[in-house]
Structures are given as structure tokens and as C-alpha cells.
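Chain A is fixed; fit chain B onto it per the hints.
Those protein sequences? They're chains A and B, same order as listed.
For the first sequence, this note's numbering assigns the number 503 to the last residue and increments by one with no breaks.
For the second sequence, this note's numbering assigns the number 444 to the last residue and increments by one with no breaks.
Bear in mind the hints are in silico, worked out from the structure with no lab data behind them.
The beta-carbon is built from N, C-alpha and C at its ideal position, and this holds for glycine as well.
Among the hints, erroneous ones may be present.
[Claimed, not checked] Which bits of chain B does chain A cover? Going by a derived footprint, with three or more residues having C-beta under 8 Å, they are:
#1 47 to 54
#2 296 to 303
#3 369 to 378
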Amino acid sequence: MRVCHFDAAVDAALTTARAAGLRLILRMQDTVERRLVMVDGGIDRDRTNRLAGLGVHVCTEDGFVGFASVDDVRPEAATEAVRRAGRLAIAARAIGGGRTDAFQQLSDLSATPEPGAGPMQTPGVCRTPGPADTASIVRGAQDDLAVVPAGAGRTIRTTFSAVDEEWRIVRSDGADLQFRTPHALLRHEVTSRLNGNVVRAVATVAGLEAADILEPLPLARLWRRTGRAARDALAAASAPPPAAGSYRLVLNHALAKGLAHEAIGHLCESDVDGSVLMRHGRLRIGEQLARATVTVVDGPLPGDFAQQPVSANGILRQPVALIEHGVLAAGLGDLFSAAAAGVPITGACRASSFRDRPTPRMTNIRIQLADASTLAADPDTLTADDVAAALDGAGLLDSRIPTLYLAGYRGGQAHPRRGDFVFGADAAYDLLDGASPRGPASFTGLAERALEAIVAGIGPICADAAGMCSKDGSAVTSSGGSHALLVLDPDPDLVISAAT
Amino acid sequence: MTAADALIAFLSQTPGVEGVTVIDWRLETVQDEGLRVGIRDSEPGGPYEGPASAIRLGGSLQLHWSDGLVSRGSLDRRAVEAPSERLAAWRSDAFHPRSGRLPPLAGPGGVPAVQTCDPAVADLFAGDPTPLLVQLHHILSGTRAHGARRVDAIVRASFGERTVATSRGFFCRWLETASSVRLWVDELGGSRYERRKLASPAIVDGLAAQSAVLARQLHAPAHLSEMARGVLLMPAMVDALLGRFLLPNLSARAIRDGRSPFTLDDLQSRREILRRDLSLVVDTTLPYEMATAPCSSEGVPAGRAALIQRGTLVAPLADLEVAAEMGVQATPSPRGRPHVLLESEEPVLGLDAALALLGDGVIVRDLPGLHTQPARRTMYALVAPDAQVVRGGAAGGHCAVRLAGNVVQQVSHRTTRLVRINGEAGTGLLVLDGVELLPA
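Extracted from the complex, chain A is given alone in its bound form (with noise of 0.2 Å):
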């Protein structure tokens, strides 16, 4: 690994902390990444770009705070990033600032590798392949879209990423843990028009490695959720907004990670101080949340786009089930306010670069329903009409109750101090209208009433719904999902609605 490399600037960072009586942690980053994008079979970006630096994050004996960072991994880099965080910390005890003893805590903590134990290699090599194989493969990829149904004037835009990313986190308390959490993805954006409105498909594949997302299986993947998108796009197009109001909501599997995501993981973490799921700063576990049925877990799965096994404060990163039978179990606790929410330190604290300060983040977060129900179609090819064969089958089609399919997520944002959310869909169908279109539509309502309305799930878990985070302004990457539909009961504080 490149981070290997880096010892003299990780001895000249421990040695400048300990001259000047701080306590250290020392989070070196080491990125290259190779980014295509391809319009209609032509290159438009080709680029790999490559960025390493370390950030440190200091600590006086008596708790005050700060922070440094240099895109420079030589030692005199290291020493002058540790003397700068030393002159803020120090400043911020001159201002009266907050203070931590979080750092003291470090040798403490069991679920660190015992100093020294080696670099932690996420499993397999970072295969690439060449530019120009990448760009025909993609090309290719671009090409089996031509029978795909879109509408007149179609566009293909594909994106091509792959991060080769490794980080180094070192301790003053002897912790040196050198990791890999590579990601890649594969994304078609279809552009056409119908009846003077763009239409706009997009489809995903995302995994560890490029060589894991360029290979048959994956693109035939992205083949199929690309015609869904497309069909799903075409069907909306030209219909209907759905009317305003509650619904009996199905959402496939990306929709249901936006849920899980939004209106339960955000405020599971253990920094938000005073989310709704919490009273008098502590997270309310032990409560009865949702159905008996329902389990939320969130914790790296192997060859998933988020997956990271080690925290940015060094700290294994452990699967956590935040519901558990209904019942809210545990938070993302790290190791600055997992104590103030009542919650152990679970290692979940991330960092998108070493430019920035770690705080409680989520990886792959999936719902999960104890009695789910078989599915008979392919998940990657639902069409509304196998969308009502299956909620028929569960018993979960009432002519009395409104009921909507959700599809094509948009993405989303959650505020959990109020507890609402929001996320976009690309389409939608009235499944007590034979299924019929209807056009985008927003879902917004409150997380604790989506958490009690969740009442089925249909299908496979399908965990792969892949995209980027971006809490206080810093982008991880993120995934999920559940089982290929999700059934959520209707609630007067769960609504859709579109612009008419």
C-alpha cells in the first residue's frame, strides 16, 4: 500500500505532539481517481485525479481541540500541520471553548487492533483496467442501450468512477492502522424528449473495484435497471402528477434506502445532539419504534460501495442493528458523543478527506422484515403490473386503500432534530388504477411515523443502492436498501405530493 510509505511523516507527527504535550490523531489519505465520462460513444471527460495529505486532530491535556491539514505527506508537512493544530487548540482554550477528554479514552478502547498489527487490507487488489479498455467496455455498455425503449432524441450519458482510496489512521497511543476502502460505479443518465418535455433515465451498478462493475454480470445488471428506468421515465413523462394525500407506499429497493437513510440513520448518529429519537441528548433505546417485524442494520457488507472497516479515529467499524424487532437497539456512536447519546462507541465516525473533522456516518443501512414474503419477478425488471401481482399475493392490494408505487430515487435530505424528511421520486403508479402512470413526486413526512408504517416487505434484500452522503458538507459514500419492495401503511404524516 502507498500509505506504508508514509512512516517519516507519521514519526515526525508523533514526535512534534509529544514535545508540545498533545494527544494525536493522525489521519493520512492517499486517493487516485480515474473518472470517464461518455456521450453518444464520444469521451467528453477522461481524467484520473490524484490527491494524497493528512489532517491532525490534536487535543491539550486538558481537552481543548484543533484541527490541521496539508495536501503534503512529507514529515516537515506533518510537523508544521502538528504545531498549527497545537496553536488552535491553544487558542480555542484562550476563547473558552468546548473541551473533550475523548482522547484519553484511546488506549482504552478494546476494539482496537493491537498497535502495530499491520495494515488491514480491504480483501483483493484494486484491478483497473487500462483507459482504453475501460472506455470500449463503457462504449459497448452504450451501445446495448440502442434497443432500450427512450423516447426521440435520446442522449446517453455514462459515468465512469473508480477510487483507489487508502487511509493510515495513527494514534498517540501507539494505534497504527493502514486500510483500503476503494469504491467504483457505473452510472447511465438516458436523455430523449416526449411531446416537448425531457425525459431523464438514470440507472446504477456500483461495487469495491472498476474490474467489479465492468465485468458481464454487473452491466447485464445495469442493462436491466437502465430499461426500468427508462420505461418508468417514458410512462411518466406524459402523464399525470399522483394527487396529494396519504397512500398505502410501495418503494423498491433505492427508494427504501433513501427511507432507511434519511429518516432513521441520520438520526441514529450519535453527534446530532437533540434528534427527535433522542430525550435529554441520550438516543430513547429501549423504545418500541416500529412493528416486531422490522430490523434496521447498518455496517459494511463485502464489495459494497461504502464499505469501510475501520473508522477515521482507528477504530473497527462494527455492523450495528439500530431496530431490532421494532425496537430502537443501538446508535452510530463514535468516540466524541457516543457516551452524551448513552450509546457505545461503535467505530462509525468517517471522513470524507483528511481535510475534514470525522463525525458519525452511516455505510450500508438496510431494512430488513422478519416475515417477507417471496417475490417472483427480477427485481432489477419490476414492472408496475409485477409491482400489484406481488402486493395482490401478500394480501396487501385494498380497493379501500389508496396505493401507490414509488420508483426512481431522486435523492433526499432529513433535518433530525425536527424528524422530517424528504426524497424524490421519478415516477409513480396508481396501483388501484391498473397500475396506470403518474408523473415525479416528492415524499416527505415525519421519521418516527414512517418507522411505524413500515409494515411488509416483498422480496429479496437487494442492498446495493449506491450514492454520496453529503452531511455538514462532506461527501462519503453511502448504500443500502431492503427488500426489492418495501410496504408502508398509509399515516396522515406521510404525503405525497407533485406540482400540478
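Just chain B now, with coordinates in the frame of chain A:
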């Protein structure tokens, strides 16, 4: 010799690899230092918001090779300081431009004098950063004086040097600063300052008072009047809406590639997009605004350019390459806010007049989830959880409202008025028709 000068000297020697040479190039380098301090739940500093410093040397690079290929990439410190080590990697990323031609490069020429550097900000980096930390005290004392229970804030400053140069003789180097304050009181009332000029104690005091007073108003729950007739969108909200629904659709690349609701025909025919008194302008010459710089990263000089003039589409946002492809002018590229300016030939209302005209309605400062709305459709449907109720022209407490509609239609409706807010470069928008407004 600076690192950027050394890189320019290296590229000027026509370096080569694998039998091909670099025949032309363009680069931008930035070397800067930043400071950040924060307040979390009324406490400055701490493990998440402790004072932070960041040092950076980077930029972007474009190389034209003798065999007609082009390479583009970002520059990290190592690339700037030791470019010979990266030459082979840059060559391996080379590709045939879609247009079949190497992109044009800026030649020698002047750039306008614009104000991008405040010595008061630069001084923060010469020694003691305490003045920045003192801003935290102003925030805490100012908000508490107005009854704040909880304060969260982020204060930032940066100072650096930027260089843009091409092999065709363009060269521009300038110093730039940035100062920003974002603060929230009781998680209800927020305010923001972001310019290249240091936020003075008076400005910080003003932000603190403004946020605290707003928070006090918003503490009280209120009900949307049955007579509510519209919404006053504050400047930051207008900037966000235009940035989401208009600017991406006015990108030349999006129009060229069919990803915009606007077409090449619309450009050529100067299709009417907005009401005839309205213009949409980018301006990178505004003194000490974040948008301002003497040139873009490609060397397009600063200036003011209308994308929509008197309602008609006149120009897309275009970089040099796509401008040459489409036969349009390359446009100045705002580096930050205001990303775009909405202007009117009709009189602009002041805040009090706008509220009086509104009568009953809401003021909206934030629409969470805007990024989830389909940009190409220019339509949105969202909840504003902390909208401020207006009754009889007087701003009151908060209520959650659903807002929906088509942004272009809302901007263009004959009853929509622009609103000038003191201290803001952008304008607010009073929308009285075309907006669906319901209690949430």
C-alpha cells in the same frame, strides 16, 4: 519562482513522452490557506467544531498533444511541484475530443480590474488568527442579548493566490480572500454572510441580532391564513431555485447534448423564456462578491453577460470548447455567489412594500430537498417547514407549508415582483400567482 511558475516553465519546454509532445496547454493553480471555527449548541470549539486550518496547493490542467489528443485533469501538490513525474500518467488519460478538434485556448489579453482581496482577511494568516475566534464571541453575545437559547455557527476565512495561464500567452495572477459567517439561532432563525471582504464586528453583530430576532418571531407557531395569496422568496432561496432549475438548463453542454428543456433552435430563434422585463445575468465583476475573479479557469475575462435578456434566450453558459463548437461566445463563470442575477426593468420593491403587497402569505427562506426535484422539468413540490406567516403585511410566527409549481412560470407571471433586500446582492421574489400554497 513560485510552484506555478515552475510548472509553466516545465510545460513551456514542450515536454514529451512516447514519441508525442505537449504542443499547447492551459493551467490554473491555487495556493491557499483556510481557517474554520464553529459553535455547536452555544459552545465554541470542541471535538467537532474546534478551530481548523487547511493548506492547499492544486488546480487543473489541460494538455494538447502533437497527435491531436487532449488530456484534462486536476493538479495536486505533487503534480505542481514535480510535473515530470506525472507526464506519462497525463498522457495515458489522453483522448480524442468529441468535436474532433483541439479545444481553443485563451490568448494574450487584458482582464478587468476587480476586487477580490481584502487585506483584513489576509492579515488573519500573517500571524494571530484570534480575530476570527473573536467573531464567535460577537455571535454568542449578540444573540444572547436578543434572547437566544441556542446558537450554532460556522465562521470561515481563506487567503490565497490563483494563477491562470495558457501556452497562447494568457497569464493572470491574483490574490483572493473569502470570509463567511453562517449562523442559526434556536435552530429557527438563520443568517449568512459570504463575501471576499472580512465580516466586520458590526456585520457580525447585525447577523447575530437579525438571526435572534427572527428566531424569536419564529418561535411562535402561526397558521397560514385562508386568504394567503402568495410567497415572498428571500434572495438565498431565489438563488437556490434559479441555480437548480434555470442555470443547469442554460448550460451550453446540456443544450448541445439534449439534456436541457431548451434547444439549439430556442437559442437561434431567441425564444421567449421569461417575462419581457426580466433578464438573467451572470456577473463576475461585483466588488468583493464570491462570484468575482478577473477570469475563469480557462482565461475568459471577467464580465457581465446576459443569458436571458428582456425575456428572450440570448446566450448559454459556455466554456471555450463548447462555445467554439456552437458558435457562441464563452461566458464569464461565477466562482461563487451570486451564481446568477435576476433583473427587471420594472421598479423593484423594498421589503416593506413587498410585505404590504403580499398582505397574507408566507416568507420562505429555505426549501429542504430542492436537490431531489427534477431540474429539467423546472417544477417542484416541497415542504417549507419553517416558513414565516405574513398577515396584513406583518411578518409573524412559523408554520409548515407546501409549496409547488413551475419555477419559470412563477418567475414570469405578470404579478411577480422582484424585491430588494438590504445587504444582499441578489433579489428576492414576490410570487402572488402560479404557486400552490397549502398548510403542511
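request  = Kindly indicate which numbered hints from before are broken by the structure, ordering the numbers from low to high.
outcome  = Violated hint: only 2; rest satisfied.
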